[in-house]
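Participant: Spelled out, the chains give:
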Amino acid sequence: MSGGAFNRDERAAFGETVARIALDHARQGAMAAWSKLAETGCLALPFPARLDGLGGGMEEICILMEAAGRDLLTEPYAESVVGAGHVLAEADATGAAELLSAIAAGAAIVVGPTFPHDVGLEAQVDGGALSLSGTFGPVPFADVAGVLLFASDDKLFRLDTAQDGLTLAPTTLIDGTPAAVLECDGCTATYIADVPDRLLRVNHHRLAVATSAEGLGAISALNAMTLDYAKVRRQFGVAIGSFQVIQHRLVDMKIEEERARAIVYAAARAMDREMPEAGSLASIAKATMNGAARHVAEMAIQIHGGMGLASETGVGRYLKRLMKLRSSYGDDTAHLDFISCEVRDCA
Amino acid sequence: MEGRADVKDAHGYARLQGALTDLKCAEEPALDAIRREVREFCATQMPEALRRKVGANEPLTKDDHLDWHRRLKDAGLLTAHWPREYGGRGWTRVQRWTFETEVYRAGSPWLVPFGITYVAPVLYTFGTKAQIDRWLPRIANCEHWWAQGYSEPDAGSDLAAVATRARREGDRYVVNGQKTWTTMAQWANMIFILARTSDDAKPQRGISFLLVDINSPGVSVRPIETIDEEHHVNEVFFDNVEVPLDNLIGEEGSGWRYAKFLLDNERLLGAEVGRAQRLISDLETLLRSDGPKTGRLIDDPEWRRRLASLNSEALVLESLAHDLLAQADAGRDPGALASMLKLIGSELLRKITTAQVDVIDTWGLPVELGTGARVNGDGSAPAAAGILRRYLHDLAVTVYGGSSEIQRNIIAKAALHL
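Chains as they are written, first to last, in my numbering: chain Z, 1 to 347; chain H, 1 to 418.
Extracted from the complex, chain H is given alone in its bound form (with noise of 0.2 Å):
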């Protein structure tokens, strides 16, 4: 009888996890308002099929992103970090990740970042007030879906490498060479890229800037079907693609600047506790199911001790993050901060995922992507097949935005200056 109260009682660690938010939102008023708004509105805004569906990581519809993005936008809350004159509240970089974790932690599926947390933050900064105009309401309202390109064949790691050319023909650009590892660019409208416009000096120097229609002629976007068996990106290849000069941002030769301040914005957001959290409570309702062979893994203090370890590993983060988002609000360089929120919440995620696949190992479940076998009568914890898919998936994390390997690269040079 007491094990069925345990199982009842299936989320012990739903309280710890929020305690770090609970201490952050009682020394600033500010973050409990959000919180407070974010809960009550995934309470009764989030459709419960959509829920189940990210909680059983199924793959999602171009539909779905589009629904969600639209109830968050109604409630202003899509962009909200927007300045108040573009229709957002003008909230910090540390507001909007509180929204985020909420939001990640009620089983949202990704916020798709391309329009309303990348490209739009370079318009309003960068951009001209007839580009803004142009641009930036349509991202507000889901009507354009952005992809991003930038990474090439032979510019990964090395981004400053990139070799599509834009070559400059009287009131346009013609645009030459391939992107590739486009995320759901077989979604989008528009695509930013960064293209060589010259070849002189350092190769950073001759990058610009640009805003591509993905249906321009010229440009044919192909699949790249990933291990975990999901179209999720893609090669994008550009044939003689004519751009109009009104489509560059800021100066031409100077996108690489304009490129940095997107990644440092990305990868500052990088540390996705919410999203953690989530997968590590998916994680505690396996281990106090029943499994197939093994009765419930958490009553081996070994596995007690690994699911306490990692809900401490994110409230470490959650705490960090707060800080090192406080000081990059306060107008810190956001550079080796964004790449340490990065590395250690990228590193975290695959701690998890791996401890998922664990528990499948133990309870010697078949490993196979087709079939998603339940693993509990309730159908409230992940089906085996969607946990594998979210291993071979999350292997990503540590490689995309800049490897692992990169971002301490970049720590040792802007933090330790070595």
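In isolation and in its complexed conformation, chain Z is listed as follows (with noise of 0.2 Å):
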């Protein structure tokens, strides 16, 4: 598959619509934009034609992430869009049709694929199924999701969230995100189809890449936010913007924040062609946007000064979004060691 189904107009309109849903959503909670982006048919944004949806690539996925980080949406955008949808719709699942369309028009919830091994759930395989034993989580949206999808031995399984066996235990991440722990006493996850591990691969790069869009619409919020109290923030007379070492860290940032846009269409847009480097820009592309977002976060609170530290200015939002994204998909030292290993300096 290959993005690139809008053109340059196309693709224009589709960015003031989603800045405008993000706008009108903005930090309300938790999937106060679902609805509306059901609505709007972003939902389907990147399923095939096929499968009613818009044939968008990673270039307007990150497009529409980069608007919800700028207003900080609270929505499982990348885990049921970006990632389940997407494994949904190439896994050419024929039972799993129906899950897909729900997902489209907002109605379920999915996510995952998750490698059980990876999170210390106990898993074994039994006829057409994967039963499971264990704790997991939190995992957000999890409280929201029905179905949970679980990848093992190169297959596909759904695990609905209502059965017998399984406890959900609510909790909120850091940023406000919605989760849950999942308990799972012997639970039942049904095989859907089979899934390729290239498939699964190039997912985590996908959310990865989804992420940093994400996080650079948080790191142009924060950017547009300290540089206007700098403007407005008076000390000794005059406005703190007007101090060179003000200025230099603003630049400082604001250079942080372009290198990270640059990377992440170019990985978007190198995905969308499926390039065989693809994987590794992906990978730079979330490394690039963790450093920024911690630099960005923490000196943004610092030329906040003492404002910066209260919640109500908003800037501890931010940064505590931001500490979120760095720690999905993968850390910086995840990643340059994906980059290492992708020219064969593995461990």
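Hints are computed from structural coordinates only; laboratory data are not their basis.
Nothing here was measured: the structure is a model prediction, and the numbers come from that model.
Hints are all accurate, no fakes.
Among the chain Z residues that face chain H by a calculated CB cut under 10 Å, a handful are:
1) GLN244
2) GLN247
3) ALA262
4) GLU277
5) SER283
6) ALA287
7) THR288
8) PHE338
9) VAL343
Here are the in silico distance ranges between beta carbons for each label pair:
10) H:PRO292 to Z:ASP331: 27 to 37 Å
11) Z:GLN302 to H:GLU85: 52 to 62 Å
12) Z:GLY305 to H:GLU169: 51 to 61 Å
13) Z:GLY146 to H:GLN327: 40 to 50 Å
14) H:LYS129 to Z:GLY237: 47 to 57 Å
Using N, Cα and C, we set each Cβ at its ideal position, and we do this for glycine too.
Mind assembling these two chains? They're in different frames, but the hints should get you there.
Facilitator: Laid out in structure tokens, this is it:
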């Protein structure tokens, strides 16, 4: 599959649409924009036309995720649409068509796929089903998700959350994202389709890039807030933005944003073209965003001074979102190790 | 045996380094044609001795430079960024930059820019037809070697403080003053200078842009040895030097405008990704070699990540450079974009040369510039002395062309409106 079903004008119009949705639902808490995203077709964005999707690629996904990050939307878009939805669409699972339609309509929220052993779950394939035991989580959006996907031995399984032997303990992550800890006591996930390992690796990169785009949006919002603040906050009789040391810090923050923007969209377009180096570029994008996120968020607090530490200004909310995004889908070390591994410098 | 195969495949990052160019070429077929042409040219036309000298960072002679420039000229590549009417191909900035990235990746020496990319665009943008006819062909055919007379002892970052004077006397200017840090002036026939022609109003207003024959009576060039113990830069003294009025570019007193135009062009090409990637490849070769006392440093996860990180930074810069140069080609004011590229590019080069020195430190090699001991058997990696010379030389990259601090000042003003 290749992206690029959107031409330049369509992409610009799409950008305006999602920016408007994000602004209208800014900072209103979890799931506030979900029905609007469904209504406008955004939840069907990456799916091919034969599945009633819009055929958008990673570039369009990044436009949406950047807007979501800028206005701190809290929606399971990456999880359900970019990740699970894409895997279901590509795995050619006849039994999953209904689930996919439900995702595109916003009626179902699906999280995963996860490898049970990666998260400490005991898993046993039992005929056409996967039996799971143990504690898993907190899993973002697991409390609202009806279905969790698992992958094992090149097979894809669905775990319906309403079943005996499964309890969900709701919690929230540091940035306010709803989540839940799963307690599985021999709960059952049913077989949907075969899933090639390559698809799961690409899925991880898609999520890394989408997350980077969300982080980019948050970084750009923080830069705008901090720049505005430096222009109005007066000390010693002048705006603090007139001090050279503050100016140079703001320049470095802006450069971090521009670097992240350039590589996030380059990685997205490389993925849409299925270039052989797309995975490495995705890792570079995530590592770059991670670095920018920490630098910009901490410096935004520093330049806001005491006000940056008060919950009411909102700087801290962006910091916390960026903390979550940094830890999602690979930290710097994991991505640098992936890049090394791609040139056969594996540990 | 596995280790051996790894050494043979010495440049694991070579493919990844080209990934961004692959993407841009897939998106813009015109770039792909340029890339193919340049690769073919370098593969067939770059003398092996020159490639080796550049790789080892041995000093080049004037003839080394001239020979390479003439080969590029004969292939129509040296001045392809000039407009068609002046013998160029009308390349955009993105196209010129793609060309530079490719030649440097292939191991090209520095393309001495003072004639072909600095003064030539000033000439064909602001010069008279007579001036263009007189000077441009001599730049194109490498007959003239130009030097840049900007900095002075009391005008470094504060370039508008230039004190060199050009006094008008009948049909000529009489120039008095001193320029400094003048790169390769020892080989130059011509020098373009900023000189003060009046003292009124703000300092920028009284500056004019003059072309001076460096062999004129009263011009003297004195070498400055730099910390790498080489002769790159000079002081140039002007003692009642007579310059014809015809050598004034544009209007008298408007020289600052042309100077800034030139500096923006200089800085737009300041993100030397190709050179950065070649230096990273040199680092990679060192890391894959057996050290004198240690094993291969590539087997250390910290070094692997540092190498991955430097390669990542180069690709991020390449991506950003393409995006920003495309904006400049589309008509956006290049000032802040140029400063960003110069700032990021120069700081990346510093990180790479520092990493190379760290290898020498880890290996415990003697820190000396003289002997040039090879650090590996096949001569593919630059000698230790070359690495040290390059490190010392490249401490200049965050200073020349406007220091990093000045670039941040410019960006704060132009992009952040502070």
